[in-house]
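Protein chains in written order, with the numbering used here: chain A, 1 to 108; chain B, 1 to 113.
Treat the hints as calculated values from the structure; they're not laboratory data.
Each residue gets a CB set at the ideal place from its N, CA and C atoms; glycine is no exception.
Be aware that one or more of the hints could be misleading.
[Unchecked claim] Quick list of simulated restraints, FRET-style, between CB atoms: (1) A:P108 / B:E18: 42 to 50 Å; (2) A:E15 / B:V24: 31 to 39 Å; (3) B:R80 / A:E15: 24 to 32 Å.
[To be verified] Residues from chain A shown here face chain B by an in silico Cβ test under 7 Å; the list is partial: (4) K42; (5) T49; (6) F72; (7) A95; (8) K100.
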Amino acid sequence: EDQVTQSPEALRLQEGESSSLNCSYTVSGLRGLFWYRQDPGKGPEFLFTLYSAGEEKEKERLKATLTKKESFLHITAPKPEDSATYLCAGNSGYALNFGKGTSLLVTP
Amino acid sequence: EPEVTQTPSHQVTQMGQEVILRCVPISNHLYFYWYRQILGQKVEFLVSFYNNEISEKSEIFDDQFSVERPDGSNFTLKIRSTKLEDSAMYFCATRQGPNQPQHFGDGTRLSIL
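Please put together the full structure from these sequences, using the hints given.
What follows is the structure, encoded as structure tokens:
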């Protein structure tokens, strides 16, 4: 059975304190590993797609990486506006299979 | 930037009543999806729709659920006889092509009383 597991469930950082979020997956026939950001009361907002091990993508303070079993979302020098829930999802066909997310709080 | 629009933002319905949730996809998108998120839980796939037919559905999407694209623009999710456990946030997502990401609307909060 396909599974996507994210850790930690919650993370509190000081502004400027870099860290990484983990997503481990067992998805047969993976056709992409996706990262989304979700703000309270809003829909998931697309961040990155990764297709093959070794691939990396960057956007502002965020960098996503992919290995054969895991993906990491690295946050460099975060700001309070980076506070949100970050969702990881695997795609093996039409559907996205989401993890439970990591709730990130960045304090000034 | 084009976005997926969902209406209503909040729907309150008595148990046993029918409810229709509406979504306006991004204009050149061809693949349409419904997901739901029960409070405090993960986002769960319900159904995907392409070329005017269902392409995949989950175990959650039973005979009480249906989808259609009645007028070539709106994409709707109908729940025929709502249950208390249908209370959730329902998200519509659309994508342009098979190797493109899914873009989500801001959801409809469905509350069943």
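To see whether the hints hold, each was checked on the structure:
1. Restraint check, A:P108 to B:E18: a C-beta distance of roughly 48 Å satisfies the suggested window 42 to 50 Å.
2. The hint said 31 to 39 Å for the Cβ distance between A:E15 and B:V24, and at roughly 38 Å that hint holds.
3. In this structure the hint that B:R80 and A:E15 lie 24 to 32 Å apart at CB is violated, the actual value being about 49 Å.
4. Interface hint status for A:K42: upheld, as the beta-carbon distance to the closest one in chain B is roughly 5 Å, under 7 Å.
5. With 7 Å as the threshold, the beta carbon of A:T49 comes within range of chain B, its nearest partner Cβ sitting at about 6 Å, so the hint holds.
6. The beta carbon of A:F72 comes no nearer than 19 Å to any beta carbon in chain B, farther than 7 Å, and the hint placing it at the interface is violated.
7. Interface restraint check for A:A95: the shortest CB-CB distance to chain B comes to about 4 Å, inside 7 Å, so the restraint holds.
8. Among the interface hints, the one on A:K100 holds; its C-beta lies about 5 Å from the nearest C-beta in chain B, closer than the 7 Å criterion.
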